[in-house]
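Read left to right, the sequence shown gives residues 1 to 155 (my numbering).
Be aware that one or more of the hints could be misleading.
[Unchecked claim] Straight-line distance between alpha carbons at most 30 Å, and here's what the computed DSSO-like set of lysine-lysine pairs gives:
no., residue 1, residue 2
1, 66, 131
2, 137, 62
3, 8, 62
4, 22, 131
5, 62, 131
6, 131, 67
7, 44, 22
8, 154, 92
9, 8, 67
10, 63, 8
11, 147, 63
12, 137, 66
13, 92, 148
14, 62, 92
[As the list claims (entries may be wrong)] Here are the in silico distance ranges between beta carbons for each label pair:
no., residue 1, residue 2, range
15, 93, 56, 17 to 27 Å
16, 22, 92, 20 to 30 Å
17, 77, 99, 21 to 31 Å
18, 40, 77, 50 to 60 Å
19, 133, 35, 47 to 57 Å
20, 78, 127, 19 to 29 Å
21, 24, 105, 38 to 48 Å
22, 24, 53, 15 to 25 Å
23, 127, 9, 45 to 55 Å
24, 7, 93, 34 to 44 Å
25, 153, 105, 19 to 29 Å
26, 153, 57, 11 to 21 Å
27, 148, 118, 23 to 33 Å
28, 77, 16, 42 to 52 Å
In short, the hints are calculated from the structure, not lab data.
C-beta atoms are modelled at their ideal positions from N, C-alpha and C, and glycine is treated no differently.
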Amino acid sequence: MTTDTLDKIDKRILELLQLNAKTTIKEIAQDLSLSTTPIFERIKRMEAQGIISQYVALVNAKKIGKKLRAFIEISIVDHSMTAINTFVEAIKDYAEVIECHHVTGDSDFLIVILTEDIESYNRFITYKLSKAPNVGKVRSSFSLSTKKWTTAIKI
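Make the full structure from the sequences, and use the hints.
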């Protein structure tokens, strides 16, 4: 299913749920001037089709002590599928890693990590990333401030 097959009601439901996943079916129905049954059915359909993949609580990283966000470019040594998959599986096991992207350009992967401070970042690099299979070159950048951050996708 693509956005071409989503009508205005589906799109509005998605917009509301992206702003607040705790929005009730009743509140969505009121916003759209519909009864709750079609709203419920549309949400269930979009869940079944994978358009809505999950509902989450967005945690403020700084409030839980994760004050350092690092963007790490990684070049791997072996580009065979087996080596790539082995690297990815290792990276996915690290709690500090919140994103891992296979990218084009000068690097092969871009990961985003959250740590408490520069010391915990150093421990991550020294005791985890440097020991991950197939890691060649590593280059890090740090976020000084966040100017825009959203999980909402324009529909």
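Hints, one by one, checked against the model:
1. 66 <-> 131: 23 Å, holds
2. 137 <-> 62: 29 Å, holds
3. 8 <-> 62: It is violated: about 37 Å lies between the C-alpha atoms, which goes past 30 Å.
4. 22 <-> 131: 41 Å, violated
5. 62 <-> 131: Holds, because 28 Å separates the two Cα atoms, which is no more than 30 Å.
6. 131 <-> 67: Distance of about 24 Å is within 30 Å: holds.
7. 44 <-> 22: 15 Å, holds
8. 154 <-> 92: Given that 30 Å is the threshold and the Cα spacing comes to 28 Å, the pair holds.
9. 8 <-> 67: 39 Å, violated
10. 63 <-> 8: 37 Å, violated
11. 147 <-> 63: Judged against 30 Å, a Cα distance of about 18 Å means the pair holds.
12. 137 <-> 66: 25 Å, holds
13. 92 <-> 148: 25 Å, holds
14. 62 <-> 92: 22 Å, holds
15. 93 <-> 56: 17 to 27 Å: 20 Å, holds
16. 22 <-> 92: 20 to 30 Å: 28 Å, holds
17. 77 <-> 99: 21 to 31 Å: About 22 Å separates the Cβ atoms of residue 77 and residue 99, which means 21 to 31 Å holds.
18. 40 <-> 77: 50 to 60 Å: At 51 Å between Cβs, range holds.
19. 133 <-> 35: 47 to 57 Å: 55 Å, holds
20. 78 <-> 127: 19 to 29 Å: The hinted range 19 to 29 Å holds for residue 78 and residue 127, with Cβ atoms some 22 Å apart.
21. 24 <-> 105: 38 to 48 Å: With a Cβ separation near 44 Å, residue 24 and residue 105 satisfy 38 to 48 Å, so the hint holds.
22. 24 <-> 53: 15 to 25 Å: For residue 53 against residue 24, whose Cβ atoms are near 20 Å apart, the range 15 to 25 Å holds.
23. 127 <-> 9: 45 to 55 Å: About 51 Å separates the Cβ atoms of residue 127 and residue 9, which means 45 to 55 Å holds.
24. 7 <-> 93: 34 to 44 Å: The hinted range 34 to 44 Å holds for residue 7 and residue 93, with Cβ atoms some 41 Å apart.
25. 153 <-> 105: 19 to 29 Å: 24 Å, holds
26. 153 <-> 57: 11 to 21 Å: 18 Å, holds
27. 148 <-> 118: 23 to 33 Å: 24 Å, holds
28. 77 <-> 16: 42 to 52 Å: With Cβ atoms ~47 Å apart, the hint holds.
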